[in-house]
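Put chains B and C on the given structure of chain A with help from the hints.
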Amino acid sequence: MNGPTHSAQISRRTALKRLGIGGATLAAAPLAAGCVVESGGASGGGGGSAANDVTGAFDWKRESGKTLRILQTPHPYQQTFSPLLKEFTRLTGIKVKPELVAEADYFTKLNTELAGGAGTHDVFMTGAYFIWQYGPPGWMEDLYPWIQNSSATSADYDFEDIYPGLRKATRWDFKTGSPLGFGGQWAIPWGFETNVICYNKALFDKRGIKPADTLPNLVQLAADLTDRKANRYGIAFRGSKSWATIHPGFMTMFSREGCEDYTVRGDKLTATMNSEKSVAFHQTWAELAKRSGPASWTTYDYPNCTTDLGNGVAAMVFDADSATYPKNKPGASREAGHLAWHPGPHGPGGSYKTNLWTWSLAMNSASKNKLAAWLFIQWATSKQAMTKGVRSGAFADPTRASVFDGAFKQTLGKFPGYLETFERVIPETAVQFTPQKQFFDTTESWAVALQQIYGGGNAKSLLNTLATSSTKTVNS
Amino acid sequence: MSSVTEVSADKGKGTSAGGPGSEDRVPAWRRRARPYLLSIPALVVIVGILFPFVSGVYYTILDYSAGATHVHLVWFDNYQTVLSDSALWSSVRVTVEYAVIATAIETVLGVGVALLLNRSTLIGRIFEKVLILPLMIAPVIAATVWKLMFDSNFGILNHVLGLGHSFSWLGKNNALYSCILVDVWIYTPFVAILVLAGIRSLPKEPFEASDVDGANWLYMFRRLMLPMMWPYILVAVIFRLMDCLKIFDIIYVLTTGGPGTVTTTLQINAFEDSITHFNYSRGSTYMFLLWIIVFIVARFLVSLLSKAQRRAAGAEV
Amino acid sequence: MARRVLTPGQRRVSVGGVFADILILLWFVFALFPILWMFLLSLKNDTDQTSTYFSFSPTARNYRTVLTHKGEVLTSVNFETAIWHSVLACAGATLLSLLVGIPAAYAAGKWKFRGSDDLMFQMLSFRFAPELMVIVPLFVIFHYIHLFDTELGLIWVLQLVTLPLVVWILRSYFQDLAPELEQAALLDGYSRIRAFFKVALPLVRPGIAASALLAFIFAWNNYIFPLILTDSNATTVTVAVTKYLGGGGQAYYNLTAAAALIGVLPPLVLALSIQRYLVRGLSFGAVKA
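Protein chains in written order, with the working numbering: chain A, 1 to 476; chain B, 477 to 793; chain C, 794 to 1082.
Simulated from the structure, these hints should not be mistaken for laboratory data. Mixed in with the good hints, there may be bad ones.
Claimed, not checked - Pairs of lysine-lysine residues, derived as DSS-like cross-links and limited to a Cα-Cα distance of at most 30 Å, are as follows: (1) K648/B / K472/A; (2) K783/B / K905/C; (3) K648/B / K460/A; (4) K648/B / K290/A; (5) K229/A / K648/B; (6) K277/A / K648/B.
Just chain A, same shape as in the assembly:
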């Protein structure tokens, strides 16, 4: 569907000639601008996909001797799989060269790489929201034709075993206003996280208290647990100036309280962060951070939150279950063995809507080793490899129901409430954002507004400004 429509497009060469700049520029600019853009429209609905060139019986060894380059960020998923890569090479004869980039710079590197259209890395780790930005210019390979092709995909792969909410989260047709779950399959969910509360159970038990079930109770509980002199505070959640501040605990509670980011009418979105309910929620959240959160809240990313939890400084964390999970492993932190999980407050109507994040594996549409890349993605998300990962490392949560119910549950003995929490929220776990191509732009502005409310700004007027500019941006 996103093949080029030439009428609307000025050829870059013509544009350059019109500019009339010198020969040196003529040589450079098309190089730079040209190949960036022309990687577009690589794959659409299945017709023309490189997957169709693969015929004959399925064979893991088909690409033996090739070398794959994969781009990853240091993460429990990556660390768990790092020692398993040898097994992939043994199975397929394909060598794997992993490239690690620190999380803070990961998307800088990935964006540049994909925009450059060079196909240096065949496979990369990505999140669901990134599809909304990387997909439309044609930087990602549609994996649906690959899954469908029995010559390229092993008969026991069982794609449907992956939780439906996750499969849906990684599909979109790139039409503004259109929901997730239609269009190409742009990535395969590898590991995922639900955003819930993790608390210091030892502390709670000592005080004889229980986690809160409503937002007002949470506010009260967090305040009660805060003692600045003793360097202890009630609840940690992200607060840095980044889109990532909005998506975990904030978006989860925002949705449970019945708020919405946008309303959709046809192909037009209208931002609704300035609704009365939403304004009240923003105020509550900012107040919660100020009264019972970390003093440097505006720089807090999730490692800060989980570090404080692990050191016994924060009594609760509202963030990804998979981020708090490693802190309870013996020896991993001071409070290891003391932590427990809880779904967090439900909304006024009993809603347990939960926002999800999934680290997924995607294929660079400019890759020159597409079959080998697909074999790798297929292997890493297969039942066998995921089961091994769950048994050997810190792989929370696996995206396959069979692996979760099988190997993963057996590891949860020392993780009180983890399973109950998971089962409580999973039916309502989905991407709670309205998909749109300017996600990072508008969501970061959202985080800026939240920080300004925290800093004492007027919530109503800040959110009005945010809504106006967001509506304008997403419909442009």
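For chains B and C alone, coordinates are given in the frame of chain A:
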């Protein structure tokens, strides 16, 4: 007089090139071509870097951005958007504030440290060896270490300075100054080294003469030393101010431009637009405007520099 | 012993002198404290790194992990290869800058020629082109001419960092050079080139040392170019160090600190070994007057 004149450090004005001796045999055209020929290798090396710069400018008249399947020529739309955006003016203000304060502090401290080290006391000689250390830790790493020290829970600064656990170095009111503090920590040695090297290359005689005359230190410093040191100080200021105007890494690590937009400089804005939001054309426009600002400031400073150099040459006579 | 010549700031023992010593001590407490703190951090184990100040049981494990890349974390970071890459790229970039920069600085310092100011300014202006503006086009070009992830590519792109520094610092040294010295050499029958090598070049040695050292350090510290333009075949120390900051809920600040301190050693060795040339500035001043 030919268009190529030799600069004399003593007189501060040009004398005709080509002295006596073997130079007589060199034809005039070769003498004229000489400086250009000598500059060619340097030009060749950097001309390649001009390529991407020009195509970067080219992006500013396109609408290349996230979610775009096609790219159009939009001429000056990006400039219009950016110039009418209040975010631009707020980030210009933050950038200028950061650059001016940081450069001023670093210059004063750098000159101070250089003067103190120049005393060559035992303490000075020991410390001179480690003066350069902060400069050797990459800003990304240095900022990370400082961020740990700034932390309100386990940060060493609050602990050592007795600020408790609720003082926030990177909060709304302190963030910009904390970023400047880190900049000062890293780059003051840079200024100090340039100035110290400058002080040590000053001639001795004027100072000996005034020492004999019994002139006081302050007088000597103001009348003799400062004018002669001025070119070295200005070179340091030029490099610092330009780097500060495009400050990115320190702030990105410490606050990513927050809280709110308190530390959002032009380059942070440009980074977010072109990389995080992938509105590449708008981000490039931001950066091109930044380049123009730095260009103008640098031109001004360089003209100051050449004046100061002429004055310094005069002061030595 | 002859009375030492004092430039302003050099004083004999006095109240002011003691005061100055205290000031300099204060500066170095400020300057060295974060480095001491880094060192302490590098000796802490994972659970101590964010929960202790000064009392903890020190371990050398972090240094071992970084140097042998053994241990369970981040096994794919190959640190000593990154050091080697950095040394090659930064030494290469500095040498290239000296090679092409010294003639240009000499020309600009010695002669006032048509366009000399513009030329110098152009050199300088490359330093303030925001890296992010050129990085995507540069990435594409590097792929086309196969410079991506190579030492050569890195050396070339680092000229943006090193060359302006070398040219600008050296120009002021050449400007200060008394032309009579070279004139004298010419009178003695030296050729221009020999006069340059025998007279001018030795006199600006402190300038060459200072600018080379600074260029090397700035190249060493550059982050965005190696981050985007290299992978593991040419990745540098600075990029490798940040990999220990990790993600996924665990940041290894202790490993980061250990790696950063190891990464400081090559430029530190260079700085200490050429420091005596920096001090030679004194004699240079004497020659000129």
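Hints versus structure:
1. Using a Cα cut-off of 30 Å, the hinted pair K648/B and K472/A holds, with the two alpha carbons roughly 28 Å apart.
2. Distance hint between K783/B and K905/C is fulfilled; the C-alpha atoms sit about 14 Å from each other, no more than 30 Å.
3. Proximity of K648/B to K460/A is assessed by CA-CA distance (about 20 Å); at most 30 Å being required, the pair is judged to hold.
4. For the proposed pair K648/B and K290/A, the alpha carbon gap of about 13 Å is at most 30 Å, so the pair holds.
5. Between K229/A and K648/B the alpha-carbon distance is near 22 Å, which keeps this suggested pair within the 30 Å criterion.
6. Restraint check for K277/A and K648/B: satisfied, since their Cα atoms lie roughly 27 Å apart, inside the 30 Å limit.
Violated hints are absent here; each numbered hint is respected by the structure.
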